[in-house]
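Chemist: Dock chain B against chain A, hints included.
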Amino acid sequence: MVDLHCHLLPGIDDGAGCWEESIALAKEAASLGISTVVVTPHAAYAGRRNHPQSVMDLTAQLRQRLQQENIPLQVREGMEIPSHEWSPGCANQRHLCLAGSQYVCLEPPPGHQPLFLRGIIFESAVLGYRPLLVHPERCEWVQRRPEILGELVASGAQLMVNAGSLVGLFGEKVRHAALELVRRGLCFAVCSDAHSRTRSFAPFKQAYCLVERQFGPAVATRLFRDNPGLVTGAGT
Amino acid sequence: MKAPRNAECDEKLIHQLHPRSPVVESFRILRANLRFVSVDQPLRTLLVTSALPMEGKSLVAANLAIAVAQSGDPVVLVDGDLRRPILHSMFGLPQNPGLTTLVVRGNQGPSLEAALGRPLPRLAVLPAGPVPPNPTELLASRSMAEVLRRLTQEGNLVIIDSPPVLSLADAAVIAAQCDGTVLVVQAHQTPYPAVQKAKEVLSTARARILGVVLDRVRMGRRDYYYYYYYHRKPAPKT
Numbered sequence: 000m001v002d003l004h005c006h007l008l009p010g011i012d013d014g015a016g017c018w019e020e021s022i023a024l025a026k027e028a029a030s031l032g033i034s035t036v037v038v039t040p041h042a043a044y045a046g047r048r049n050h051p052q053s054v055m056d057l058t059a060q061l062r063q064r065l066q067q068e069n070i071p072l073q074v075r076e077g078m079e080i081p082s083h084e085w086s087p088g089c090a091n092q093r094h095l096c097l098a099g100s101q102y103v104c105l106e107p108p109p110g111h112q113p114l115f116l117r118g119i120i121f122e123s124a125v126l127g128y129r130p131l132l133v134h135p136e137r138c139e140w141v142q143r144r145p146e147i148l149g150e151l152v153a154s155g156a157q158l159m160v161n162a163g164s165l166v167g168l169f170g171e172k173v174r175h176a177a178l179e180l181v182r183r184g185l186c187f188a189v190c191s192d193a194h195s196r197t198r199s200f201a202p203f204k205q206a207y208c209l210v211e212r213q214f215g216p217a218v219a220t221r222l223f224r225d226n227p228g229l230v231t232g233a234g235t
Numbered sequence: 000m001k002a003p004r005n006a007e008c009d010e011k012l013i014h015q016l017h018p019r020s021p022v023v024e025s026f027r028i029l030r031a032n033l034r035f036v037s038v039d040q041p042l043r044t045l046l047v048t049s050a051l052p053m054e055g056k057s058l059v060a061a062n063l064a065i066a067v068a069q070s071g072d073p074v075v076l077v078d079g080d081l082r083r084p085i086l087h088s089m090f091g092l093p094q095n096p097g098l099t100t101l102v103v104r105g106n107q108g109p110s111l112e113a114a115l116g117r118p119l120p121r122l123a124v125l126p127a128g129p130v131p132p133n134p135t136e137l138l139a140s141r142s143m144a145e146v147l148r149r150l151t152q153e154g155n156l157v158i159i160d161s162p163p164v165l166s167l168a169d170a171a172v173i174a175a176q177c178d179g180t181v182l183v184v185q186a187h188q189t190p191y192p193a194v195q196k197a198k199e200v201l202s203t204a205r206a207r208i209l210g211v212v213l214d215r216v217r218m219g220r221r222d223y224y225y226y227y228y229y230h231r232k233p234a235p236k237t
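So the protein sequences, as listed, match chains A and B.
With numbering that gives the first Met the number 0 applied, the first sequence covers 0 to 235.
With numbering that gives the first Met the number 0 applied, the second sequence covers 0 to 237.
Okay, chain A solo, but in the shape it has when bound (with noise of 0.2 Å):
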């Protein structure tokens, strides 16, 4: 399995606190089945921005770290930035693309719908960039009107579903939301959306084995294997 979104880069933003636990959430990953992660940290995080350079630098850290500790697990670099904040034009010197791809890793806001967010989304499709939608099934206005978000894969967008939402982690209204994306195939891929020891990469492998329950394992293996595997298989 494959997952694009996690923050597994200590102390840059609210996921691992540490290395050690960066190095244990490694060590579950690799155990479950997950062969490559991309990290995810916040563009910005508690008002300090992380610069492109700098979460290169710690990937390539926790790369030698996982290497020495002999876990297999595969560690590619991305962000995963406000849609506010993204901007195609300028992409490179703010912002990481994922593994180096195409795929940029946009956060939507929860509470509405705002008003750039297609023109965003579809200005970044026509310059060649795959906007990827991080939990949509979180917001608010995506629960009230889960048919926007056709609107917005019209455009350009991809739509990315956290694995906690599928079971239930973060209430019956997202759990709900999530499901119906995959029922409508509207979803991309399953992320884990992994922060720390306890919100850990478990539900990943409870999603999956949700999803083949009932979707089919075809769905299970497109969502969480394959898809994914464009995105990081792009890049290198």
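You may find that some hints are simply not true.
Stretch-level coverage of chain A by chain B, calculated; a stretch enters the list once three of its residues show a Cβ under 8 Å from a Cβ in chain B [as the list claims (entries may be wrong)]:
| id | region |
| --- | --- |
| 1 | 120 to 134 |
| 2 | 149 to 161 |
So, partial list: chain B residues that the calculated Cβ filter (under 7 Å) puts toward chain A [stated by the list, open to error]:
| id | residue |
| --- | --- |
| 3 | 92 |
| 4 | 95 |
| 5 | 106 |
| 6 | 129 |
| 7 | 130 |
| 8 | 131 |
| 9 | 132 |
Honestly, the hints are just simulated from the structure, not real lab data.
We treat Cβ as the ideally placed atom computed from N, Cα and C, and that holds for glycine.
Modeler: Just chain B now, with coordinates in the frame of chain A:
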């Protein structure tokens, strides 16, 4: 089990039918008629539209394009429906890059060749591209006119599919840039006032209405040759 919408559309594309089937024949007749409706002005760009949604525009546009390609002329089929594009899924092509990509990026973006799909010999299909938030403005832009001009160099005829005429300005905006427009009308279905209103809107936009394609005609055994009528209307007064 009910087939998904795309598969249904697929089956109705005429290159997959028997060459002597009446449906295929009717598209050859339509093709031949179009060759003669436009004597003074060569027909290089043709808009296919309808008054209302779901009247079969895209299918008529696609099948007409196939019929033209099969007759030996290179043809370009363009998805100008930037609201609900469907041609890419009819031909199993990626939606992006496409028309909007070319219009927004001009010479900076992917080449025309990279955006065109070629599902059959002599048939090039330009998908819609990502759906923009402002379709009408894109279609009315100078860059759109430039893309159209470049497309006419790719084929003898450029056929453009569009949203319905009523309730949206898109079709009228494209019609104004085309040499001719045909209106798809559903037999026994489209209300007469809707067709009349659509004709008015198109005429106001200075579209040249070549005629009407009557779609979904109920056919008896004996008159299968007239499955699709092509009926020429008097030329619009200018």
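Chemist: All hints are to be evaluated individually against the structure, with a verdict given for each.
Modeler: Now the hints, each set against the structure:
no.: 1; hint: 120 to 134; result: holds (count 7)
no.: 2; hint: 149 to 161; result: holds (count 4)
no.: 3; hint: 92; result: 15 Å, violated
no.: 4; hint: 95; result: 6 Å, holds
no.: 5; hint: 106; result: 14 Å, violated
no.: 6; hint: 129; result: 4 Å, holds
no.: 7; hint: 130; result: 4 Å, holds
no.: 8; hint: 131; result: 5 Å, holds
no.: 9; hint: 132; result: 5 Å, holds
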